[in-house]
Amino acid sequence: MVDAPKFDAPIPGMSLTTEVGNRPWQQPPRFAKTKDVAEYYVEKLAEDNFADMLVDVAETGIPLTSIANTIQMNSVMQGIHSVDSGILALPVIMEMMLITVEAAGIEYNSGMEEDTSNKPMGTELLLSKLKSFSTEQMNEEPEDMPMPVIEPDMGGGLMSRRQ
Amino acid sequence: MNTNYTLDVYNRLMKTMKVAKPATKSNGLLTRTTKSKPSAMSEVDVIREYVSAIQEERGNVKNG
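For the record, the sequence lines run as chains S and G.
Position one of the first sequence corresponds to residue 0 (numbering that gives the first Met the number 0), numbered consecutively onward.
Position one of the second sequence corresponds to residue 0 (numbering that gives the first Met the number 0), numbered consecutively onward.
Check before you lean on any hint, since a few could be wrong.
[Unchecked claim] Pair ranges (Cβ atoms, derived):
(1) S:Ala103 / G:Tyr4: 57 to 65 Å
(2) G:Asn1 / S:Gln25: 24 to 32 Å
(3) S:Ser133 / G:Arg11: 18 to 26 Å
(4) G:Ser38 / S:Ala3: 45 to 53 Å
(5) G:Glu56 / S:Leu15: 44 to 52 Å
(6) S:Gln77 / G:Gly27: 50 to 58 Å
(7) G:Gln54 / S:Lys43: 29 to 37 Å
(8) G:Glu56 / S:Ser133: 52 to 60 Å
(9) S:Ala103 / G:Thr15: 23 to 31 Å
(10) S:Glu106 / G:Gly27: 55 to 63 Å
(11) G:Thr2 / S:Met144: 55 to 63 Å
(12) S:Thr59 / G:Glu56: 35 to 43 Å
(13) S:Met144 / G:Asp7: 50 to 58 Å
[Claimed, not checked] Footprint (simulated), chain S over chain G, 3 or more residues, beta carbon under 8 Å:
(14) 7–15
(15) 48–57
[As the list claims (entries may be wrong)] Part of the chain S face toward chain G, derived, beta carbon under 8 Å:
(16) Gln25
(17) Lys34
(18) Val100
(19) Ala102
I should point out that these hints are in silico values taken from the structure, not numbers from a laboratory.
No residue lacks a Cβ here, since even glycine has one placed at the ideal position from N, Cα and C.
Extracted from the complex, chain G is given alone in its bound form (with noise of 0.2 Å):
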């Protein structure tokens, strides 16, 4: 039974980093310009956060 999920959870999360956000539309008069409202982050996204930072300060070290 395997009891290692480094890699599943690895490459799911790379996955959702990769994702691209949709594009923004056109403001057209009907558009709703209030802001909404900041949702809470989910641990998931702490998770995202810290691994982007790491990721570029290992960037930094590869490219010394």
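Same shape as in the complex, but just chain S (with noise of 0.2 Å):
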């Protein structure tokens, strides 16, 4: 299936409109080792207030590892790590977002489950699937088909002969 037309992408030229360097994500990043943003994120994630909105939020039903990127992508355009940092972090934050909400006792959904709604269909489904379709038509009895009843040309062009 064709994708959709994405309408929400920015527009050509968007990161020109101001000078190189104003944006917080074009600054040196607050920090620079992986050591320093992983012991960011395990205090910031264990702080009251945080734990009280994740906790609202995961109720809902998004997928932690939904919340767990925008954080991280948040803290890169806050300019506080880089997106490579952020990434490596990324476990860092699952395991304390999951140690957060298990804590609360709250029925979530962490994201890691595998999703089969959108998957095709396995190769080895979709070939026996073809193969019961080809057994059950050759098992069909063919239906006896009426024979068309020819009439007789009347010949009622200009061109026909008379009779």
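Mind assembling these two chains? They're in different frames, but the hints should get you there.
Now the structure itself:
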């Protein structure tokens, strides 16, 4: 299926609307070392304020993986760490969130379960379906088709021979 | 386009955490006894340590 066009993409040239270096992510990050980034998340995600907000959001059924990705992207945009440090810190964020929601005892969607609804059919399943379909067709006896009755041409055209 | 790599990164790290350490060989006469220099920790090692520590804590929380 062809993907629908996306209209939420940035406008071409949007990044040039300000001087280079004005944005926080164009500056050197606050934490350069992975250890510092991990430490930052451990401290931040352990705050009571954050835990309350996380529990509220997780209860709505939003996957924790999406929340973790949003958190680290937001920190990149604020210039706290670089993109690669954020990607590396993702497991730490996930674990911290898991510990919070499990301690709260709520129903949550971790986002780590395999979603089979959007997966294409497996090859084996597809083959078995094809096989059963073809055997069904082979077993079916052809119905007696009524022979079409061909009526004699009466020759109603202009050039037809007159009788 | 998928821009959420959380699951992939998490699963990959978990896989590397589950890898069992190779068994140490018995000390023969020709076995080198000097210890190799401890190599510097990579960035992934740092994350692995943090994750294992949090997981341990998570287990403690679960068990009450």
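Check: What hint numbers does the structure not satisfy?
Finding: 1, 3, 7, 12, 16 and 18
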